[in-house]
Amino acid sequence: MNVGARPDNRSAEEAPQLPGLRTWRAVYGLVLASFLLWLGLLVALTQAGA
Amino acid sequence: MIPLDYAVLLAALLGIAAYGTWRARGPRDLSAYLKGDRKLGWAAIGLSVMATQASAITFLSTPGQGYESGLGFVQIYFGLPLALIVVAAVFLPLYRQLKVYTAYEFLGRRFDPKTRLLGAGLFLLQRGLGAGITIYAPAIVLSTVLGWRLDLTIVLSGVLVIVYTVLGGSEAVSVTQKYQMAVIFGGMAAAFAVVLRKLPAGVTLADAFAVAGGARKLGAVDFSFDLHRPYTLWSGLLGGFFLSLSYFGADQSQVQRYLFGASLRESRLGLMFNAVAKIPMQFFILLLGVLVFVFYQFCPSPVFFNRAAWNAQLAGETGGSLRALAADYGAAQSRERARLQDWLDARHAGDAAAAAAARGRAQAALAEREAVRQQAKAALRAADPRTSANDADYVFITFVLDQLPHGVIGLLVAAFLAAAMSSKAAELNALGSTTTVDVYRHLVRREADDAHYVKASKWFTVLWGLVALAFALSIHLAQNLIQAVNILGSIFYGVVLGIFLVAFFLRRVGGTAVFWAAIAAQLGVCALFAGSTISYLWYNLIGCAACVGLSLLLQAGLDRRAGAAPRPPP
Numbered sequence: 001m002n003v004g005a006r007p008d009n010r011s012a013e014e015a016p017q018l019p020g021l022r023t024w025r026a027v028y029g030l031v032l033a034s035f036l037l038w039l040g041l042l043v044a045l046t047q048a049g050a
Numbered sequence: 001m002i003p004l005d006y007a008v009l010l011a012a013l014l015g016i017a018a019y020g021t022w023r024a025r026g027p028r029d030l031s032a033y034l035k036g037d038r039k040l041g042w043a044a045i046g047l048s049v050m051a052t053q054a055s056a057i058t059f060l061s062t063p064g065q066g067y068e069s070g071l072g073f074v075q076i077y078f079g080l081p082l083a084l085i086v087v088a089a090v091f092l093p094l095y096r097q098l099k100v101y102t103a104y105e106f107l108g109r110r111f112d113p114k115t116r117l118l119g120a121g122l123f124l125l126q127r128g129l130g131a132g133i134t135i136y137a138p139a140i141v142l143s144t145v146l147g148w149r150l151d152l153t154i155v156l157s158g159v160l161v162i163v164y165t166v167l168g169g170s171e172a173v174s175v176t177q178k179y180q181m182a183v184i185f186g187g188m189a190a191a192f193a194v195v196l197r198k199l200p201a202g203v204t205l206a207d208a209f210a211v212a213g214g215a216r217k218l219g220a221v222d223f224s225f226d227l228h229r230p231y232t233l234w235s236g237l238l239g240g241f242f243l244s245l246s247y248f249g250a251d252q253s254q255v256q257r258y259l260f261g262a263s264l265r266e267s268r269l270g271l272m273f274n275a276v277a278k279i280p281m282q283f284f285i286l287l288l289g290v291l292v293f294v295f296y297q298f299c300p301s302p303v304f305f306n307r308a309a310w311n312a313q314l315a316g317e318t319g320g321s322l323r324a325l326a327a328d329y330g331a332a333q334s335r336e337r338a339r340l341q342d343w344l345d346a347r348h349a350g351d352a353a354a355a356a357a358a359r360g361r362a363q364a365a366l367a368e369r370e371a372v373r374q375q376a377k378a379a380l381r382a383a384d385p386r387t388s389a390n391d392a393d394y395v396f397i398t399f400v401l402d403q404l405p406h407g408v409i410g411l412l413v414a415a416f417l418a419a420a421m422s423s424k425a426a427e428l429n430a431l432g433s434t435t436t437v438d439v440y441r442h443l444v445r446r447e448a449d450d451a452h453y454v455k456a457s458k459w460f461t462v463l464w465g466l467v468a469l470a471f472a473l474s475i476h477l478a479q480n481l482i483q484a485v486n487i488l489g490s491i492f493y494g495v496v497l498g499i500f501l502v503a504f505f506l507r508r509v510g511g512t513a514v515f516w517a518a519i520a521a522q523l524g525v526c527a528l529f530a531g532s533t534i535s536y537l538w539y540n541l542i543g544c545a546a547c548v549g550l551s552l553l554l555q556a557g558l559d560r561r562a563g564a565a566p567r568p569p570p
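Just so you know, the protein sequences line up as chains A and B, in that order.
Using our numbering, the letters of the first sequence correspond one by one to residues 1 to 50.
Using our numbering, the letters of the second sequence correspond one by one to residues 1 to 570.
Isolated chain A (complex conformation):
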């Protein structure tokens, strides 16, 4: 087996099966969006406390 190769991510068990999120790319996008939201909140808190 070529262990350096990327695995096949298309099998049925790999779908996230979350409402409104059909692909893992959408899940990762949501995770990044939640991080950016928190970052924004923390920046706002920093500026409010300055």
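Please note: incorrect hints may appear among the correct ones.
[As the list claims (entries may be wrong)] Which residues of chain B face chain A? A few of them, derived with a C-beta cut under 7 angstroms, are:
1) Ile85
2) Gly213
3) Val221
4) Met272
5) Val276
[What the hints assert, rightly or not] Ranges of calculated distance between the beta carbons of each label pair, as one might list FRET restraints:
6) B:Arg109 / A:Ala48: 24 to 34 angstroms
7) B:Ala324 / A:Ala44: 42 to 52 angstroms
8) B:Glu370 / A:Gly29: 57 to 67 angstroms
9) A:Gln47 / B:Pro280: 11 to 21 angstroms
10) A:Gly29 / B:Arg445: 41 to 51 angstroms
11) A:Ala48 / B:Leu463: 49 to 59 angstroms
12) A:Gln47 / B:Glu370: 15 to 25 angstroms
13) A:Ala44 / B:Leu463: 42 to 52 angstroms
14) B:Val163 / A:Gly29: 36 to 46 angstroms
15) A:Ala48 / B:Pro280: 11 to 21 angstroms
16) B:Gly549 / A:Gly29: 24 to 34 angstroms
17) A:Ala48 / B:Trp459: 50 to 60 angstroms
To be clear, the hints were calculated from the coordinates, so they are not data collected in a lab.
By construction, the Cβ of each residue, glycine as well, lies at the ideal position given by its N, Cα and C atoms.
Go by the hints and put chain B onto chain A.
This is chain B only, laid out in the frame that chain A set:
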């Protein structure tokens, strides 16, 4: 603590350990013992990953960080969500596809046996030392504050973890972690509620945030590019990314947590749960420390939170000057309290100009009080140079013991010990697995039945538990405990991650090149640690970049020396 607290403490700790052992009872093959039969859902995996990372230090020491330095420590986690996405998208599918027991087994298949051993060796060295700190850190604080014997605290909590980890294997670790996290969250939520309720009458949550802001405790994001500052947005994003990628992708104590999910989906969702929840969780723990700081602006606080160390010097030659400093501190506290009340009164009256002036006077009073505290620390250190001037780790436990109702105190102490045990169990489980799979089965006994390897794994787990106990009984740490753990990890993680990144993405590089590049990079990071003052978070980036860069250079040299065409992909 009164008998009720001890009853809550023992019921929580022993009950969870006994239940975990009972759930994982019965004979199992090596796969079931090390991977837990692959039947866990995403919530259990997510909590297990979280519990492994969040040790007692997280809950004892992080509020102290918030008290001393504000929210800035949260930046260390900024790289974590992106790192977990990379682990879920790239590392995890490959590990599952290859059906490996350990992350280092993958290195053996991709490169060669010596690189596998190097990866496993770096993990065993780093995690073996880390396991000692994991058990020492809560023990030193709890034994000092509660008057328990340090050696007994270390040995008893350590032996309990060794017993259920050895008996139940990976499944017992995961089952116990779920309930340990419930105790931890319950305890921290109770502490949060109490600190809010204990704010003086008339002081609103908005006032508390204003006071914290006036004391510069709300600075969560630092945009400066100063390499010597420990926590900035950039060190958090870059250094934190590499630290998290290495920890979650290449540290067996974490890999073993998500490898045995019921499916790839469950494991991925467990990781994504952490990617979303980790920053808010750390923020609230730091905020708890900030609110404890605000609470102590209105209520008397000790001049030095490690009361045992302070009281020990009161009887000595410097006792008189220490008492005088404590009296000065009390007077400075009273003045500051009056200035703060003036400021809050002006705020409530809506007089912006008066509020701004009063804020300045309150800040000056706070600085004056802090100066007395620093003098007291210096005097304590002069009286006994072995005493650590850092009392941040004692802030939260002091608040818990002085302010929380009985029963809840027992719950909080149980939460600290449960956190210590959950991360310690995962570490021992991973150390035992790695020693069995990557060293014993690979080098010593290649052909044996599963029963033999399960037995060997149990003995290696016991052995590592004893090593960790011996290390915990012999160390003395002066600095902030959560920082010590992160520094230790950062020294090794960058290089280990470099090896894995080469394995995943640079298919032309072979085992010999990456092996020597990793050794050179590790020596370089050790030299950096010994001789430079840059923030430790950068070690992760530097170690990783050095390992990858040197691997490419060495491979190019090897190709040229061989006079052959570039090495084909394996």
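Hint-by-hint comparison with the structure:
A distance limit of 7 angstroms between C-beta atoms decides the matter here; for Ile85 (chain B) the minimum to chain A is near 5 angstroms, and the interface restraint holds. Hint status for Gly213 (chain B) relative to chain A: holds, with the closest Cβ pair at about 3 angstroms, below 7 angstroms. A hinted interface residue such as Val221 (chain B) counts as satisfied when its beta carbon comes closer than 7 angstroms to some beta carbon of chain A; here the least separation is about 5 angstroms, so the hint holds. A distance limit of 7 angstroms between C-beta atoms decides the matter here; for Met272 (chain B) the minimum to chain A is near 6 angstroms, and the interface restraint holds.
For the restraint placing Val276 (chain B) at the interface with chain A, the shortest Cβ-Cβ distance is roughly 5 angstroms, inside the 7 angstroms limit, so the hint holds. For Arg109 (chain B) and Ala48 (chain A), the Cβ-Cβ distance of about 52 angstroms falls outside the hinted range of 24 to 34 angstroms, so the restraint is violated. The hinted window of 42 to 52 angstroms between Ala324 (chain B) and Ala44 (chain A) holds, with their beta carbons roughly 44 angstroms apart. Judged by the Cβ atoms, the range 57 to 67 angstroms given for Glu370 (chain B) and Gly29 (chain A) is violated: they are separated by roughly 44 angstroms.
About 19 angstroms separates the C-beta atoms of Gln47 (chain A) and Pro280 (chain B), a value consistent with the hinted range of 11 to 21 angstroms. One distance hint, 41 to 51 angstroms for the beta-carbon pair Gly29 (chain A) and Arg445 (chain B), holds here, with the actual separation near 48 angstroms. Hint check: Ala48 (chain A) to Leu463 (chain B), Cβ distance near 52 angstroms, so the stated range 49 to 59 angstroms holds. At roughly 24 angstroms, the beta carbons of Gln47 (chain A) and Glu370 (chain B) sit within the given window of 15 to 25 angstroms.
For the hinted restraint 42 to 52 angstroms between Ala44 (chain A) and Leu463 (chain B), the CB-CB distance of approximately 51 angstroms keeps it satisfied. Between Val163 (chain B) and Gly29 (chain A) the beta carbon distance is about 44 angstroms. The supplied range of 36 to 46 angstroms therefore holds. The hint said 11 to 21 angstroms for the Cβ distance between Ala48 (chain A) and Pro280 (chain B), and at roughly 18 angstroms that hint holds. Range check, Gly549 (chain B) to Gly29 (chain A): about 31 angstroms between beta-carbon atoms, so the 24 to 34 angstroms window is met.
Judged by the Cβ atoms, the range 50 to 60 angstroms given for Ala48 (chain A) and Trp459 (chain B) holds: they are separated by roughly 56 angstroms.
When the structure is compared with the earlier hints, violations turn up for hints 6, 8 and for no others.
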